[in-house]
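Use the sequences and the hints to build the structure in full.
Protein sequences, first through last, are from chains A and B.
Sequential numbering of the first sequence, starting at 1, is according to this note's numbering.
Sequential numbering of the second sequence, starting at 1, is according to this note's numbering.
Worth double-checking, as some hints may not be accurate.
[Stated by the list, open to error] On the chain A side, residues computed to face chain B include the following (Cβ under 10 angstroms):
1. A36
2. A37
3. E51
4. K58
5. F79
6. I112
7. S146
8. N147
9. W166
[What the hints assert, rightly or not] Subject to a maximum C-alpha distance of 25 angstroms in a straight line, what follows is the list of computed DMTMM-like cross-link-like pairs (lysine to aspartate or glutamate):
10. A:K137 <-> B:D218
11. B:K156 <-> B:D68
12. A:K137 <-> B:D118
To be clear, the hints were calculated from the coordinates, so they are not data collected in a lab.
All residues carry an ideal CB built from backbone N, CA and C; glycine is no exception.
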Amino acid sequence: MQRLLILACAITVLTAPLAARAAPKADDDPAALQAAAAQLDALDKRITRLEDANAVEKVQRAYGYFVDKAQWTQLTDLFAKDATLEIGGRGVFIGKPHILDYMHGAFGPDGIKEGQIINHMQFQAIADIDPDGVHAKQRMRAFVMSNGGWGLPLYENDYVKEDGVWKIKTLHGPFTMYTSWDGWAKSATPNTRPDTFGEPPDLPPTVVYLTYPSYYIVPFHYPNPVTGRPWKPGTQEAGAYASPTQVSLDNPKGSPPKGGQQ
Amino acid sequence: MIRKLLIAAAALAMATPVFAAPDAAALQTRLEALRHRVELLKDHDAIENLQTAYGFYFDKSLWGEVADLFADDGSFEYGQMGVYVGKAHIRKALTLFSREGPEFGKLNNHMQLQEIIDVAPDGKTAKARFRGMVQLSRSGQSGQWGDGVYENEYVKQNGVWKIAKLHFYADGFTDYDAGWTKSAIPLTGPSAAIPPDKPPTEIYRGFPGAYIPPYHYDHPVTGKPMNIPEPADSVLGRK
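Structure representation (structure tokens):
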């Protein structure tokens, strides 16, 4: 809303000089016309940025709706040709064909099946368009409701505008938490890993972390909106044990870590 | 405030004469085009607020407030309950969900999320897809999760956006404790007590049935229409 208010002000401010300067002698005052044109250019840029923010949000929300219905080919078409995809702990997949391979490997062929639910709800967008107007970053939460239980991926993605169309350039979706229908108080599914996935990645994971009950703070692409200070990662360990005890491949019984604090 | 500013801007713009010089006329045309784009952005914002307001009223069974969000000839369709037309009939139909007004021990949350809003280029109509996450309860008796997708249409009348057509495609409902793997609650069909004006526009089952609510938008990147074959359904006999 505030953005629109600022725009409305801008239009008012812009129109005033047009009327004051251009009106009385516009026909023979190229300087006034030139100044007005420059103001229109600046306003056009600002309006375009608002339209771009909407478009970038739309691309990511459309991604979520495609996951819902296992529309992997159409989902892959949301990516730029040389885009990358990194989800959970399985490493980096490069290029549209390999991105499609990843989706088919993880979920099976195109098309939702009877009895299958893989809803990928996309919430809480923070979209920022770069000053160049052709690159953007967006943080967005995903909330998964599936046969397997609940899941919480978090996206910090890059986008690129090619021929006037916004596409996903880098999709990075570290997991916060996955749990079965027993609920997150009793059950926590460990992070995925390259060695337990059929499709080998092009590059190893860019970051190694544990999921809930451990934690990992996905770096924020934006500075604090109030102070303007960029976020700096802390020096604490990336992933500490906490209750409930994590059941994982390395800890199948869910035993507390030796000597560790629950 | 915004309205006042825009009026001020419009007044100033009108005070600007149309120039004979092509450059000045071109500037005027550009200004009008920019003004239209700002208007479309405001429309986008207004529809987001309209649909989220629907959710907040629905949560508390404020059926009068919900019905007033619709255009006079607006329609309401929820899952397989059929189509109700007109504010009065919509308000009556909503009592099928609960009596009017909040009740102790009841949750009727209908969250409005993940919007994809497309305003028509002329700014008079719009379409939107929203995610509907549903949280229902009767305290001490039952708790349910529900899920679905809205594909709605809106109309701007006398400068005010209203719901022209609301269609909630319910994905399904499940018992909170059991979850989707153990519980699938069938969708409610048309009511005999308060019959709809029209039968459901599309026939589908809730989970475990699979159905893809048609998209109002073309593919955001390729621009191609999304012709989606509906998934097979063993009960409905769809192959």
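Hints and how they fare:
| no. | hint | in the structure |
| --- | --- | --- |
| 1 | A36 | holds (5 angstroms) |
| 2 | A37 | holds (6 angstroms) |
| 3 | E51 | holds (7 angstroms) |
| 4 | K58 | holds (5 angstroms) |
| 5 | F79 | holds (8 angstroms) |
| 6 | I112 | holds (4 angstroms) |
| 7 | S146 | holds (7 angstroms) |
| 8 | N147 | holds (6 angstroms) |
| 9 | W166 | holds (8 angstroms) |
| 10 | A:K137 <-> B:D218 | holds (23 angstroms) |
| 11 | B:K156 <-> B:D68 | holds (14 angstroms) |
| 12 | A:K137 <-> B:D118 | holds (22 angstroms) |
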